[in-house]
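Asks: The hints should help you fit chains X and Z onto chain B, whose structure is shown.
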Amino acid sequence: MLRYVIRRLLQGFIVVFLISIATFGILHLTPGDPVLILIGETGRTQLTPQQIQQVRHYWGLDRPLYQQYFTWLGHMAKGDFGESVIQVGTPVRTIIWRAAPVTLKLNAMALILAIAIAIPAGILAGIKQYSFFDYFSNVGATFGVSVPSFWIALMAIIIFALKLGWLPPYGVDSWKGYIAPVLVLSLEQMAIITRLMRSTTIETLGQDYVRTARAKGVAESNVLSRHVVRNSLLPVITVIGYRIAFLLSGTIIIETVFAVPGIGQLFVNSVYHLDYQVVQAVVFVLSVLVVLANLATDLVYAYIDPRIRLT
Amino acid sequence: MDRFLNRASEAMHDQVSTRRQFVKRSAIFLSIPVVGALLTACGGSSNKSTSASTGSSSGGTGSTAASSPATPEVIPTVAVNTGGNGTPTTSSGGAGTPKQGGDMVVVGHQELAGLSPNDVGPGDQWVMITQIHNGLLEQDENFVLQPTLAKTFEAAADGLSYTFKLVDGVKFHDGTAFTADDVKYTYTFYSDASNGSLIASYFANMDTVDASDPTTVVVKMKAPNAAFAALGSTTFIVQSKYHQQVGEKTYRTKPIGTGPFKLKEFISADHTTVERFDDHFRGAPHLNTFTQKLVAEPSVRKIALETGQADSSVWTLLAQDDLELTKDTAKFTSFVSVSTAVNHFPINNTLPFFAQKECRQAMMHAIDRQKVIDTVFHGAAVVATSNLAPNLAAWYNKDVTLYDYDVDKAKTMLDSAGWTVGSDGIRAKGGQRFSFTCAVLSGDQARKPEAELVQQYMKAVGIEMKIQEQPATQILQNLPLGKLDASLFNWTYGGANGEPDASDTLKSDAGSNFSSYKNPQMDQLLAQGLAEPNVDKRKPIYDQIQKIVADDVPFIYMMYWNWFNHFSKRVQGLPKSALNGSQLYNKAYLWWFA
Amino acid sequence: MNLIGRKKPKETAVAMTPSTLLAGERAHRSGWSRGWTRFKRYKPAIAGLVFLCILAVLAIIPGVFAPYDPTLANPDLLGSPPSWSHPLGFDEIGRDELSRIIYGTRVALIVALLATAMAVTIGVLVGAAAGYFGGWVDSVLSRLVDTIMAFPTIALLIALVAVVGPSLKTTIIVIGATVWAAYARVARGDVLSLRERDFIVAARAVGANHTRIIVRHIVPNIAGPIIVLSTLAVGGIIILEAALSFLGLGVQPPTADWGSMLASARAYIQTYPHIAIAPGVMISLTVLAFNLIGDGLRDALDPRGRD
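Residue numbers (the working numbering), protein chains in the order written: chain B, 1 to 311; chain X, 312 to 905; chain Z, 906 to 1212.
The following block holds chain B by itself, in its conformation from the complex:
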C-alpha cells in the first residue's frame, strides 16, 4: 500500500508540474509582448513606462525563460495570481475567491443529486435486468448523454421561466435560481453513473461468491446489501471521482447560459475580454483541483480494495 501511495503521489506531483509548465507557456505562445498582454489595454494606456517596467520585473519577464518560470511559480504558490485588467486593481485571487462559493454550491448539489438518483436507479436496473424499469432507465440514460446540456438549459428557461414563470430566468439571487442549473448540470452525470452502476451490478450478480451466498441460503436482501451493493459501488465511486473534470467542464457552459456568477462565467467573460491573468489562474486552479480529486479517488480506492491495500 505504501509503495502504491508514494508512487501515486509522485505521479500527481509530476502532473501538476506539467500543468504549471503548460499554463505558464500559454503566455509566451500568445502573440504579442507578454507584459502588454498582462497589463491589458487599460494598463497600456494608463501606466507610466516605469510602472510597466515594474510589472515586467515583478513577473521576471526581463530575465531568461527558466528563471521566469520560477518567478511565476513562486507567485502562484503564494496565491498571487496577478491583477485583473478589467476589474482594475483587484487581485485575481480575490475575484476567484468571490466566484468560487457559487460554483462549489452548484457542483456539490448537482453531484449529490446525480448520485442520489443514479445509484439506486442503477442498482435496481441491474437487479431487475430486462424489466420495464431497466428499459426505462436505459433509455433515459442514453438520452442523457446525447442531448446537449446548453439546449436543455434553453428549453428549461423557455418552459419553466418564461412560459410558466415558476423559476427566475437568470441568476441565483433567490434559491429558486439554483434549481434549473443544478438539474441540468446533474443530468449528464446521472446518465453516466446510472449506466455504470447497472453494469457493475450485473457483473457482480454473476460472480461466484454471490452464487455461493445464495446457495448457502442467505436471505436475498442480505445478499444484496452485504455483497452485491458494496462490491458494485466500488468501481462506480472511482468513476465519480474521475468525472469531476467533466463536471467542471459542464459548469462553464451552464453558468454562462443561466448567468450564474461563478467561476465558469468568470472564465468565459475573461476570455472574451482578454483578462489574461484571470484566465491563466482559473485554468491552473481547476486543473490542480482535478488532479487532486483524481489523486484522492485513487487513494481511497487503493485503501478499499484489499488487493492493493495488502501489497
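A few of these clues could be false.
[Said to hold, decoys possible] Here are some chain Z residues pointing at chain X (derived, C-beta under 7 Å):
(1) ALA978
(2) LEU983
(3) GLY1153
Derived by calculation from the structure, the hints in this document are not laboratory data. Glycine included, every Cβ here is placed at the ideal spot set by N, Cα and C.
Replies: Just chains X and Z now, kept in the frame of chain B:
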C-alpha cells in the same frame, strides 16, 4: 483605460448643443417655449448675455433671453444657464412629497473599469461617477449647462479666459471643504496626457488655473478652445490632497468627491453601490443607496426590468424590447431620445480596396440602410448622412452627398474602379480579391444580425465580407493600429456633449482613428474649428467637415440609434421629458420611490 | 449494454491447447461477418444507422433537399414563426430555419468525422505505444495524458480558440488536439490486457519481433474496440463543436451551424423562442444515432459484453 465600444461616448457625450429639438416618432417632446422660458427665468438675473449660442443664425427658437450687445458675447456652444439660479430646471414629475429611503438598482452592460473623472468615457461608468462627483458645471438632460460647483460662470469674448465663482460650504465625502485648489489640481492633473489622462484634450490650449482666491477659479487659455465650456468645465473634481496621496490608480477604486452619493462597494464584475451622502451641498438624496449591476446581455436586462429586479437600464436593450417597454406605460416611464454616436463599420483605409474612394462610395450604395433599420432595429433609428446626428440641430448639415440604395450604381462604380467580378463571384483587381473580415464584438446580440445582413448586401455586389467574433478590447486595440480589416460598433465622431469637435477620431494621428483615415485638409479644418471662438464662424467649418466625411466615406456610416431609458413606475421625481435620456442619471439625488 | 432486453449468447468453454489457441485467434478474426449478423439484430442500432445515412445524404447534397438558400436573409420576415411553406419558421434575420438545419448537417458531420479521426488516431497511437512498451515510455506518455485530461475540456478549447481565432479549421484541430487523451487511456488499457493474452506470449516466445506482433496480432484485435470507441466518441465531439459555436467560438456566419443557431436563439429567446427548438433536436438525434450505433457495434464485435 479602456474606452469600450458601444460606448459611453454615446451615452454621455450624447448631448445636443441646441435648444432646437429634433423629434423622432414616439419620442417624448420637450416643447420649445418651455425651454425658452426656463432660460429666461434663469438667465435674467445675470448681467451676462446668456445662452446665446446655437441656431441663432437660422432664426432659432429658444434664444428668447435677451442678448445685451453691450456685454461681451458668450462663447459657449451649448446653452448655458450662467448662474444665479441654483435650483435645477427639471420639474419633478412625481406625485406627492418625496419619501426617504429605498435602494435603487439599475443594470448596465459592461464591467466598470474605474470611478475616476478619467473614466467618464463609457456610459455605464459615467452613471456611477456622476453620483460620486460634481463638476463646476454639468449638462442636464436637455442639453443645458447648469451651474453646479460654480455658482456663476463667465467666459471672455476672445475665449482666452473663464471665470467661475464657487459655491460656499461644499464638503467632500471625507468631511473636508471644497476649495479652488481642488479645481486647480484636478484640471492640472487631467490635462496632462503623461498622467495617463484620456480627457487631456478637453483642456487643450489651457494655460494656467488661478486658484489664489479659494472661492474663485480663473482659467486662462493660450489660444481659444471652443470645446472647453462643454467638456473641460464639466470635468468632475477630486479631493486633491487625497488624490495626490493615493494616486490615480487607487483613486479609481476608492474615489472621494462632492457628489450626492459616496462609494459603498465596488465589485466591478458584479455591481457597484453608492450610498447617501447626508452633507451633500444640494441636499441629501432621498434614496438610501443606488446600485448598478452588470447584466451583459440585452435580453436579460429586459427580463430584469420586467420582473422588477431592476428599476432602470442604463444601456439600451434590443430594439424590439425597447419599443415593447415604451408602449407599456402602465409599468414604465420611458424617455426616447436620439443617440449622437453613429452606428458604423470602421474600415481600414490602408487596404487596397478600401483605399479607393469609389469603392467606399459604392459600398454605401450597396446597402439598403433604411431596410436594415426597419427590420433589425424595428425602425428605432435614423439613417446617418454624415458624422453628426441630425438632432444636433445647431451643427447638423444636411447639404451633403447622399447615398441611396442603388445596387446597379454600386456595381458600375466598382467596375470602373477596376474591380471586376471573378469566377467565384467575388471582385478582384490585379490578383487581389475584394475580401475582408469584419470583427464583430463577441456576444453582440444587437448588432450581429446587422453585420449578417450587410454581409448579404456585400455579396450581392461581389464583395466578400467575412464575419468573425472577437473580444471588444482586442478590436479597440487593433483597429487604430491597422491590424483589423473592419468592425461594427457605435461611436461619436463629434457630437459628444453637444460639441461638434471630432479631433479624437477624424484627425490623422488621433488615438481613436479607427479607419486609419488620413486627410490633411480634415486635420486643418478640425484645428481651425477648435480655435474659433465665435459660434457663427464655427458653423461653416463644421459644415465643411461633414461634407468631406459624406463625400470621402472614411467609414461606412449606417445610422443613429434611438436611445431609450426606461424607469419602473415606482421611481418618482423624474422630469416630464428629456432630450438626452442618458443624462437623466445625474439627477438621481432628486428621486424617490413611490 | 442493450437498450432492449436481449439474452446474451453463451460462451462455450474451449480447451487450452496450442492448436486451440491459434484456432481461437482465427475464429476471432472471422468474427466480422458474424458480428454484422449480430449487429443487424439490434434494432436501435439499425435505426441509428438509417438516420445517419439520411444525414450523410443531406450533408453531401443539401441543395436537393433544402427548400431555400440558407444564407438568404429576408429581413422583412425576420423571426416569423413556422408556416406551411416554411415549416420551421425564420431565424433572427429572416433566413429559412429548415434550410439552415439541413445545411448545418455538413458542418456537424465534417467536424465529427475529421476531429474524431484525428483524435482517435493520435490517441490510439499514443495509448497503444504506452500499453505495449510499458516501462518509462508508458510513464512518460501516461503523465502527458493525465496532464491533458486534467484541464476541463471546454476550458481548454475556449482558451485555445481565443488565441488562434475561430473558424471551421480551428475547431476541428483544436477538438482533435484535446480529446485524444481520453482515447489514449482506453487504447492503453486494451493493449495492456491484450499483451498478457496467451497468443501474444506465444508469439513472443516463438521469436516474433515487435512490428510483426503489432501488425499481425495487436492491431486486428483492438480494431473492434477502437471502432466502437470511435463511434461513441463522435457524439461527444459533435456536442463539443456545438458548444464552441454556441459561445461564438466556432464556425462564423453566414455558415449554417446548429450550435450557432442555438446561440442566436438564446439572444431572442423571449421574442422568437421557436428558433431554439430544431437545432437542439437535430444535435440530440445525431448524437443519439451515433451512440446507438456504437452500442450495437459493441455488442456485435465483442460478444462478451464489456460494459
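Asks: Against each hint, give a clear statement of whether it holds in the structure.
Replies: Results of checking the hints against the structure:
no.	hint	in the structure
1	ALA978	5 Å, holds
2	LEU983	6 Å, holds
3	GLY1153	4 Å, holds
Every hint from the earlier list agrees with this structure, and none is contradicted.
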